[in-house]
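In the order they appear, the protein sequences are chains V and R. Using UniProt numbering, read the first sequence as starting at 1 and increasing by one per residue. Using UniProt numbering, read the second sequence as starting at 1 and increasing by one per residue.
These are calculated hints, taken from the structure and not from any lab test. Take the hints with a grain of salt, since some may be wrong.
It does not matter which identical chain is used: a pair holds within one copy or between any two.
Distance condition first, Cα-Cα at most 30 Å in a straight line; then the derived DSSO-like pairs of lysine-lysine [claimed, not checked]:
#: 1; residue 1: LYS87; residue 2: LYS13
#: 2; residue 1: LYS91; residue 2: LYS13
#: 3; residue 1: LYS242; residue 2: LYS21
#: 4; residue 1: LYS22; residue 2: LYS87
#: 5; residue 1: LYS91; residue 2: LYS22
#: 6; residue 1: LYS21; residue 2: LYS91
#: 7; residue 1: LYS91; residue 2: LYS242
#: 8; residue 1: LYS87; residue 2: LYS21
2 protein chains.
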Amino acid sequence: MRSITAFSNPLVKATRLLRDKKHRRDAGRFLAEGLRILTEAREAGRLPETLFFVPSATDRPLVNALVTATEAAGGEAIETNADILSKLSGKDNPGSVIGVYEEFLTPLASIDRAAAQLWLVAERLRDPGNLGTILRTADAVGAGGLILLDDCVDPFSVEAVRASMGALFTVPVARATWEEFRMWLRSGPGQLVGLSLDTDADYRAADYASPTFLLTGNEAQGMPDHMAAECDLLVKIPMLGKADSLNAAVATAVMAYEVLARHRG
Amino acid sequence: MRSITAFSNPLVKATRLLRDKKHRRDAGRFLAEGLRILTEAREAGRLPETLFFVPSATDRPLVNALVTATEAAGGEAIETNADILSKLSGKDNPGSVIGVYEEFLTPLASIDRAAAQLWLVAERLRDPGNLGTILRTADAVGAGGLILLDDCVDPFSVEAVRASMGALFTVPVARATWEEFRMWLRSGPGQLVGLSLDTDADYRAADYASPTFLLTGNEAQGMPDHMAAECDLLVKIPMLGKADSLNAAVATAVMAYEVLARHRG
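This is chain V alone, in the form it adopts within the complex:
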């Protein structure tokens, strides 16, 4: 275990760069922060290559467990101070730990669709907070995973990891083009369900088949026509007010919980 307290330390500088997408891609590494999320990761068997922690927090059992597990797995635990944690995190109050993790995705081809009754699919999601929140919901509804289509925001961004509250480490995430996904989907059973404004089918009255693949479209534009045309079922959520759409993570959750309840009978 070593200690770093200088802003100018090269490792601090290199770690801070992982807040930037280009550097994450080049390094294949990302940042996660906060005791709750890092503990969730540890319990899922994911340990950081580098763990920064605040020494005054070492008496807390969960921090100790992270330090011990990180070092046992060949990673490095580094004592530092709250100022450097803030610099790494970009937050005033970053908590007591930040970890550097290797990026991981699940190849679409290795997904076993029979493993779950519900899968979430999102296309061209732009907001990292929405992506993280959808991951958190995926965990809660017991979804098999989240499949990101086309040009989605990076699931390893600091904001997405934070909003996922650790679900990034527990919910399989795959990335594919629409065409790759469509071919894979049609190679086996699965009902593709999309939200649409152009249908009379209320989401509470529709019939869902297992496994259900729930498709969420881009925040501003929804899904393009050719994706809607491919859906086996288009449903609408009632909108009783002035606006014509819900937040994408909210719409996904309302749909996901409906499908879950229906599958559970």
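Based on the hints, put chain R in the right spot on chain V.
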């Protein structure tokens, strides 16, 4: 109509300060941005005192409608450029319009609870994005309004207004202490419903009475025990994964849509 293209202009500086809570409170004014949100506001009868717009966008009918309506109501429409709009908004791509509005809240005492079957209530909400998203959901489910309890984040923050997608202008918002709310609630009919981990009552199987007041607790801690004890009904949303909670705006929406569906039969 006048034109401002200098960053150093005092009105630009004063307007930019409204991104800060203290200055909003002192001025009683807040910022909203983007054609969609300002148009939603206009249609709800809310016009800005000052409208900043980009001249290249004046040929767009919705911008023109805003300029005309603002001036007709005695407000000022100011031509500016994209750089100044960015500076006012803090975003790289702020759209074509930003408005300065007078703050408005609905006094709790003037709420007519019979006007809607569902009301949303949130206590100590910390995240402005969650607050705005809950407002957007409140609009969608036809809720009578949102009641903010105790120390909630400012509904007039730039992030909350943005996440509300205009619902801030269409959904009544009240602010009260827990004790003020409790006294008001018990002065008439109303079922107070809270989410809890400490109940076996599934939210899909519970009985909801109208008007339903749906209480969302603080993001990190949930609601305190004395609020849970005051609830007429505590329900749980199933959590099938590793985590024990949903995002606060997601949980509110899942509950709100369940209550809506049950009220509609």
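Do the hints match the structure? See the list:
Taking CA atoms no more than 30 Å apart as the test, LYS87 paired with LYS13 passes in both settings, with 9 Å inside one copy and 29 Å between copies. For a Cα distance limit of 30 Å, the shortest separation of LYS91 from LYS13 qualifies both inside one copy, at 16 Å, and across copies, at 26 Å. With identical chains, the CA atoms of LYS242 and LYS21 are at most 30 Å apart between copies only, with a shortest distance of 28 Å across copies and 37 Å within one. For a Cα distance limit of 30 Å, the shortest separation of LYS22 from LYS87 qualifies both inside one copy, at 19 Å, and across copies, at 26 Å.
Taking the closest pair of Cα atoms, LYS91 and LYS22 come within 30 Å of each other both inside a single copy (20 Å) and across two copies (20 Å). In this assembly of identical chains, the alpha carbons of LYS21 and LYS91 lie at most 30 Å apart whether taken from the same copy (18 Å) or from different copies (18 Å). Within a single copy, LYS91 and LYS242 get their C-alpha atoms only as close as 36 Å, which misses the 30 Å cut-off; across copies the closest is 26 Å, which meets it. In this assembly of identical chains, the alpha carbons of LYS87 and LYS21 lie at most 30 Å apart whether taken from the same copy (17 Å) or from different copies (24 Å).
In terms of the numbered hints stated before, the structure departs from none.
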